[in-house]
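Student: Hey, can you work out the whole structure from these sequences and the hints?
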Amino acid sequence: MAGNSADVPTVEFYNSFKPGDLRKDRTFFTQYNAGGGLVTFRPHWYKFFDASAISNLRQASLNYLVIRYSDMLLTYAEALNEINQGLTAESYLAVNQVRRRAYGLSLGQPSATVDLSGLNIQTFRDAILDERRWEFGFEDQRWFDLVRTGKLVEVLRAKGNTKIQNYHVLYPIPQRERDVNKNLTQNDGYPK
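In the working numbering, the protein residues as written are 2 to 193.
Read the hints as simulated data drawn from the structure, not as lab findings. C-beta atoms are modelled at their ideal positions from N, C-alpha and C, and glycine is treated no differently. Just to be clear, a hint being listed does not mean it is correct.
[Stated by the list, open to error] Below 25 angstroms or equal to it, Euclidean Cα-Cα: the simulated DSS-like pairs (lysine-lysine) are: (1) 19 with 164; (2) 160 with 183; (3) 25 with 193; (4) 164 with 193; (5) 193 with 183; (6) 48 with 160; (7) 152 with 25; (8) 160 with 19; (9) 19 with 48; (10) 164 with 183.
[As the list claims (entries may be wrong)] Okay, the calculated beta carbon distance ranges per label pair: (11) 131 with 89: 28 to 38 angstroms; (12) 69 with 176: 31 to 41 angstroms; (13) 41 with 68: 50 to 60 angstroms; (14) 36 with 175: 46 to 56 angstroms.
Tutor: Here is the structure:
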């Protein structure tokens, strides 16, 4: 597995999945049968691993998704929470469908052990952010979720990132754009 350190999740994220959440084993793998012998290693991303490409190089059959139904449901639940400034049965139904599928349950059957309930506006926001983290691991959505919710700096600093600054919520304006339009100024924090 040498050379794939960019494909290694943090141990904290790996351990953050609740018992029974099927997404954990579909997102990571920790062992692989290499020529008859089982090799065990720290967690690696599994979500987009195509085993058929190993024996048939350059012939992978994996399709990459543009948007997933669970993304639509979680976005809908989050939007309802913000629009209504409070929770509705519809917002709970949307997020709980994602959770039920994650735990291998019927989407239409309520579950007292898996379903979210009794949350306020802020705890629902936090629950959606957590759910998006588990659902979309290795799908390049986390950064944008943290920026959108205003939690980027807070979360990354809590994880030990001392280099993150408040201005990192914006990208720098590309120099080529500033060369074309002399009225553009650089976003705060970046070299002018």
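Student: Run every hint past the structure and note whether it holds.
Tutor: Tested hints:
Restraint check for residue 19 and residue 164: not satisfied, since their Cα atoms lie roughly 30 angstroms apart, outside the 25 angstroms limit. Note on residue 160 and residue 183: the hinted pairing is violated, with a Cα-Cα distance of about 39 angstroms set against a maximum of 25 angstroms. A threshold of 25 angstroms between alpha carbons decides the hint, and for residue 25 with residue 193 the separation of about 44 angstroms lies outside it, so the pair is violated. This hinted pair checks out: residue 164 and residue 193 have alpha carbons roughly 20 angstroms apart, not beyond 25 angstroms.
The straight-line distance between the Cα atoms of residue 193 and residue 183 is roughly 12 angstroms, inside the 25 angstroms bound, and the hint therefore holds. With a C-alpha separation of about 23 angstroms, the suggested pair residue 48 and residue 160 falls inside the 25 angstroms cut-off, and the hint holds. About 24 angstroms separates the Cα atoms of residue 152 and residue 25, which keeps this hinted pair within 25 angstroms; it holds. At roughly 19 angstroms between alpha-carbon atoms, residue 160 and residue 19 fall within 25 angstroms of each other, so this suggested pair holds.
Between residue 19 and residue 48 the alpha-carbon distance is near 18 angstroms, which keeps this suggested pair within the 25 angstroms criterion. Between residue 164 and residue 183 the CA atoms are separated by roughly 30 angstroms; this puts the pair beyond 25 angstroms, and the hint is violated. The supplied range of 28 to 38 angstroms is broken by residue 131 and residue 89, whose beta-carbon atoms lie about 20 angstroms from each other. Evaluation of the 31 to 41 angstroms hint for residue 69 and residue 176 yields a pass: the beta carbon distance comes to about 35 angstroms.
For the pair residue 41 and residue 68, the supplied restraint of 50 to 60 angstroms is violated, since their beta-carbon distance comes to about 35 angstroms. Between residue 36 and residue 175 the beta carbon distance is about 47 angstroms. The supplied range of 46 to 56 angstroms therefore holds.
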